[in-house]
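> These are the residues of each chain, in order.
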Amino acid sequence: MSPNIDTAGLPPGTVVYSGEKKTEKVSFTLIEYSEKEFIEKEFQNFDECLLELKPEMVKWINVDGIHDTELIQKIGERFNIHTLTLEDIANTDQRPKFEEYDNYLVSIMKMLSHDTEIQAEQLAILLLDNNTVLSFQEVHGGDAFDIIRTRLRTGKGRVRKMGADYLAYCLIDAVVDLYFVILEKIGDRIEVLEEELVQDPSKETMRFLHRMKREMIYLRKAVWPMRELINNFERTESKLVKKTTRLFLRDLYDHTIRVIDTVETYRDLLSGMMDVYLSSVSNRMNEIMKVLTIITTIFIPLSFIAGVYGMNFDNLPELHWKYSYYVLWAVMISIALGMVFYFKRRKWL
Amino acid sequence: MSPNIDTAGLPPGTVVYSGEKKTEKVSFTLIEYSEKEFIEKEFQNFDECLLELKPEMVKWINVDGIHDTELIQKIGERFNIHTLTLEDIANTDQRPKFEEYDNYLVSIMKMLSHDTEIQAEQLAILLLDNNTVLSFQEVHGGDAFDIIRTRLRTGKGRVRKMGADYLAYCLIDAVVDLYFVILEKIGDRIEVLEEELVQDPSKETMRFLHRMKREMIYLRKAVWPMRELINNFERTESKLVKKTTRLFLRDLYDHTIRVIDTVETYRDLLSGMMDVYLSSVSNRMNEIMKVLTIITTIFIPLSFIAGVYGMNFDNLPELHWKYSYYVLWAVMISIALGMVFYFKRRKWL
Amino acid sequence: MSPNIDTAGLPPGTVVYSGEKKTEKVSFTLIEYSEKEFIEKEFQNFDECLLELKPEMVKWINVDGIHDTELIQKIGERFNIHTLTLEDIANTDQRPKFEEYDNYLVSIMKMLSHDTEIQAEQLAILLLDNNTVLSFQEVHGGDAFDIIRTRLRTGKGRVRKMGADYLAYCLIDAVVDLYFVILEKIGDRIEVLEEELVQDPSKETMRFLHRMKREMIYLRKAVWPMRELINNFERTESKLVKKTTRLFLRDLYDHTIRVIDTVETYRDLLSGMMDVYLSSVSNRMNEIMKVLTIITTIFIPLSFIAGVYGMNFDNLPELHWKYSYYVLWAVMISIALGMVFYFKRRKWL
Amino acid sequence: MSPNIDTAGLPPGTVVYSGEKKTEKVSFTLIEYSEKEFIEKEFQNFDECLLELKPEMVKWINVDGIHDTELIQKIGERFNIHTLTLEDIANTDQRPKFEEYDNYLVSIMKMLSHDTEIQAEQLAILLLDNNTVLSFQEVHGGDAFDIIRTRLRTGKGRVRKMGADYLAYCLIDAVVDLYFVILEKIGDRIEVLEEELVQDPSKETMRFLHRMKREMIYLRKAVWPMRELINNFERTESKLVKKTTRLFLRDLYDHTIRVIDTVETYRDLLSGMMDVYLSSVSNRMNEIMKVLTIITTIFIPLSFIAGVYGMNFDNLPELHWKYSYYVLWAVMISIALGMVFYFKRRKWL
Amino acid sequence: MSPNIDTAGLPPGTVVYSGEKKTEKVSFTLIEYSEKEFIEKEFQNFDECLLELKPEMVKWINVDGIHDTELIQKIGERFNIHTLTLEDIANTDQRPKFEEYDNYLVSIMKMLSHDTEIQAEQLAILLLDNNTVLSFQEVHGGDAFDIIRTRLRTGKGRVRKMGADYLAYCLIDAVVDLYFVILEKIGDRIEVLEEELVQDPSKETMRFLHRMKREMIYLRKAVWPMRELINNFERTESKLVKKTTRLFLRDLYDHTIRVIDTVETYRDLLSGMMDVYLSSVSNRMNEIMKVLTIITTIFIPLSFIAGVYGMNFDNLPELHWKYSYYVLWAVMISIALGMVFYFKRRKWL
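Protein chains in written order, with numbering that gives the first Met the number 0: chain A, 0 to 348; chain B, 0 to 348; chain C, 0 to 348; chain D, 0 to 348; chain E, 0 to 348.
Hints are computed from structural coordinates only; laboratory data are not their basis.
Incorrect hints may appear among the rest.
[As the list claims (entries may be wrong)] Derived DSSO-like pairs: lysine-lysine, alpha-carbon spacing no greater than 30 Å straight-line:
id, chain 1, residue 1, chain 2, residue 2
1, C, K220, B, K96
2, B, K96, B, K184
3, B, K155, B, K241
4, A, K238, E, K241
5, C, K160, D, K73
6, E, K346, D, K346
Computed from a predicted structure; not experimentally measured.
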């Protein structure tokens, strides 16, 4: 998660891929639709992809793989995209942001997935003036966008009736929906952890707690800037975003606030759990100390007494009395009981 | 309390109920009133409910149950409500918010109740342009609104003389009043807890403290957005809210600030109590250690001395002196007293 | 200090007294003055009080006792005061605030006193358009206002030369001056506590510290809103406040900032003292442990050696050597000294 | 450092000295200068001082001692200064602030010095419209201002060429420069403390740390408002401040930000050091416990074994075997070595 | 890192070098370029350097060494730079800032390097109206700027085609790129530290953690003001910055936000690690205590029993029974096993 330095020292606007090295071929899907028509094609070659565009339909070109920087530059030239934007698309360490250029709007965000730990993949969505949405993903993020593809294919919902701006909104909405899925998983884990904390906290609990706190730090870093992103998207004065779509963006803004709220709530919960853990460690220490103290304070005086009558003095009168031994036991038992009574009163037993 | 994912992946504006599954029939109450008249009816069927509306009276339609999403859509069509609003009404995980549409204002908030722990139920209040208030509750939240019904029936107070905006204000006011009730209960519990903390803190105290801190986190999440909600309601430029009502909304805003203030105060108090708990655990540890140390340091040297004269050396002159045993007791008692004196001086006894 | 729920569920604008129940008769004092004249009267009856008002003089009506809600309503009608204001006057749980109505300005604040703990009493000051100041107190808050009465009687200072707005300012100024008195008392107590903390912290110190932290929480709650109150008072566009008085209000605003600054400083100090307390508890634990460890590690090996030569083996050659016993003492003393030397080097002694 | 209550209850605008009581005579220095001329005189009497003023020269009247309130009032009348300003000059508990009146600008700030602890002295600087600067100090703060006097006398730098506003700036600049001197001293002390913390932290370290934290609290209280003071001075619309001087004030503003930055950095450092101290106390505890545990767990089992063969049973076969004693030593040494090995593996040794 | 006081007491605008004393000769490099031409020269003498300037080319004069204050004043006179700016250039304790003067823009920032600890060197970049960039460094910061020199020489990228404002941007960009390099190094170290913390935390871990926290404090101090600097640079109304360059500055602003984000994330991570460290210390203490308690509570009762039968009473019947010894062993083993069982149930073993 450390910042990438591959671009340090390069001229600004240099398109450099900063993620893990990959050699797979980049693939394109082109979806074109209007209220009545729907066309979907997959290509291995970008030029091919551009041949068949129909001007009157909404176009969504999805690029899976951003490690082929030459290709990104080619796309950039074709659609007249600023090199700074191209640099941002290829650099996987971007902070989520929304930017407005003369001829297009670009949103860069993190698409999160969560197996054993949270993984972030960069996604760039460009809304171009000629009815076109471009999306760039690191890997094929099928799950999140498949739902939208299905909606487009079947024509259910209003998406086919609306423009490219609504499609861009739908894509971002799908990303934010994924956050909810991840937060629910984390919420479940927090509940399990809390149960564990009350029942039987171990060193593992602590480490798990720490790992979750760290995850929340990264999640927070990905989620907070989304608020500004969507807010700027909603409030942009660009004509690319229609008024009807702005209403949906306002709704999406509320969703983002909810995500942030939940992240903050989880952070608070995890902090509280840390306190509970630490106090339970202290309590356990107290328990251990109590046992030690009770055993020690009962037996040490008794051992001393036994030691006294183990001495070999020629003149030690008690040794020769007939009932000494029995008297001694009585004394020792009294001392022990006295101690026990004292501990009871102090509520240590 | 985790965010709900049932709606993730669905087209925006899809009305999905996200609370616990229910099968009960949704019920409606319709109240119509003017300064002179008052009509109250309960229906099982929405169409029936709409038959008898009188245009010149203020109408309050209360819907108990939001799990019947088809019905909500039907109501939405009838009153020309945006699908995003309908989605918000049915989705029980909404964050409290106020939204302004062309033809109506909508406030979504949490109605809290508190038996053993805080429970939140979603409530949506819509102020429609034709003198109508719509309210949607998860379950029949009789308690809070019964007071307003009684006021409407009897005609006491100014509510019958004023419009639908004042009614909407009254409903929100009833919700905020409930917060005070809950805060008072929590305040009492904090006092009990503080007493316990000073007297005799146990592991249970800690857990209870933690549970209350968690409750405050959730309470805070429900209460903070109310401030913005009411502020926006007061400052809306919509003509649906009259100037006289705005004065009452300003007052309600102050109430909300008071609620938030109290929540924050309780959070501070609970944090302080956590510190006291931890320091009392440390103090108790010190006490235990002191007892252990005192007993050990007194008896261990004595045991050693007894051990010395339990040795079986052929040549151990002291064993054969006549008064050795008595001298030894004198020495041992002096050592013990010396130790006690030392501990007194160190204030350990 | 828990929020009061007596008003929950009542129609807004209902005047309900929310403090402790009282039955004493409410009393009025009327002061009328101009630069040349000064009249002061005490009444048991409000109507009587209003008979003799002289229109050209500044009037200050002070009401001691706000539990008689009927009377407050009567006054409200007489001076044309909004029911929401009347509700605020009688409800002792108000947050300090300044409100502007068409015909009057109202400031509600806490008058603090401090015997064994801080006590807050509500005070409402109304500046009415016809040269009149109304003040409502829970009990007779003589001390704070007597100074102003004396100034009015004697005509010293500029108060007799100025209008009702200056009088209102003087009353609030007297309240803020009281905060300084209380802060000085608390400052003295903090110094004593700090002394105690360095010298000899006990469990009592901790509890006292906690109590003071709690007091600061309540003090803060009362003091912070004063800033906004006075700021709003100074910046109001109402013609009731003259320009010369605004200069004094600006000065009062600075005083309030100073009060808040001091409260925050005290909070910081108390937090720091908590840390010192906790670290001193830890240090004390270390001391105790050191004593235990030193005694134990010196005597346990010695006891073991004595134990060895207390064994009854038939064949244990050392027992029969002539100087064994003396050699043994030499060995034991060497071990003890070795240990002491080791502890010295580790700086435990 | 507690707030002063001597003025509580007095009419606003009453000039009361709130510092320690003093009886020394107040002294005046008058400096008059233009680019070519320079006159410096010391007076014991204010009227005398005013006799010789030359209208075309810049005048700086410095008053050492503010306990003679009558005199302050006299000066106030002479220069037409508002009583609230006079009150602020004499009240040594002022918060640093900048205020603008019709005919003058006033800056009140703290002049800090640092011997064993930080001491604050109040300073008021008034910029009057007729080319005059008035400065009021508690005691003769020679050090800080002597530099400026020297610059005036020698005519070095630009100060003689510029107006009274530049002189006022120079005086404040001298005060801020003093903050840097103090911060450097504190920085040195923090470095020493850090060294100590790593080498050999003692209870004294903790107390010193606490004292420094407290000092930072007071320093912060004095320094933060300076930012606003200078910002307001720079941005005032008053014609008394010329454009060229504003540039210098902007620079001074940067200096103040640097002072605040450093104070905040020191606070962070001290907090971090507190953590280090606490963890080093815990570590030391662990060390002590380890020694105790190692000694105890090695010798207690051995002592037990010795105890067994010290029993006096008639029938205890091992006692009569020839090599029992040697076998026993072998066993005991094995146990001891086993324990040592176990501790090594656990990294306790 | 303490603030420098060498300038305290000097007239404002005095150019004083505040870094370590140096005697090396200051060196100049002059680069002149247009889209077609490129000239690079190194000088030991400033006057020489100015002889050959060509008005139509972009000029970059880089000064390595700022300790020669006379020279800085000479440069200042030549280019008509305000003395306050010259003072800032020479004073190495400046806070990063951007300032706008009538004829030039100045950016002062920290150039960071990181060997064993972070080192900051001051850098001032001036954009002058006649196509000129001046840069002042403490030492020859070749690494960071060499890349830009190479780009200028080879004419790669757009830098040769653009003006002096773009060059100034490039220089600042190179500085921010260095921050990423340092952050990556720190990120690596944090990962190592985290590994260590989970595996085997020692006192060294704590000290290292503390050192890194301190480094983050200083890093933060250098980085935060960069945001404002670049923001002001981007938004300046000066005609020196062209619109195309502003786009690049906006991008640079995003980079700075990313740097700040990462710094804050690291701070959070380090705080979390501190908690983990402290809890692992507590846990280790618990472990040690457990071992002590187990050994003690098993053997102390057994020792007591052995002690009892080591007593020398004449009448102690058990001593004379034939199987006492064997019975006793059975009893002792049972007690030991009972204890072990008890500890197992309590999960201490």
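> State for each hint whether it applies.
Hints, one by one, checked against the model:
no., hint, verdict
1, C:K220 / B:K96, "holds, 27 Å"
2, B:K96 / B:K184, "holds, 26 Å"
3, B:K155 / B:K241, "holds, 21 Å"
4, A:K238 / E:K241, "holds, 25 Å"
5, C:K160 / D:K73, "holds, 22 Å"
6, E:K346 / D:K346, "holds, 22 Å"
Consistency note: the structure conflicts with none of the earlier hints.
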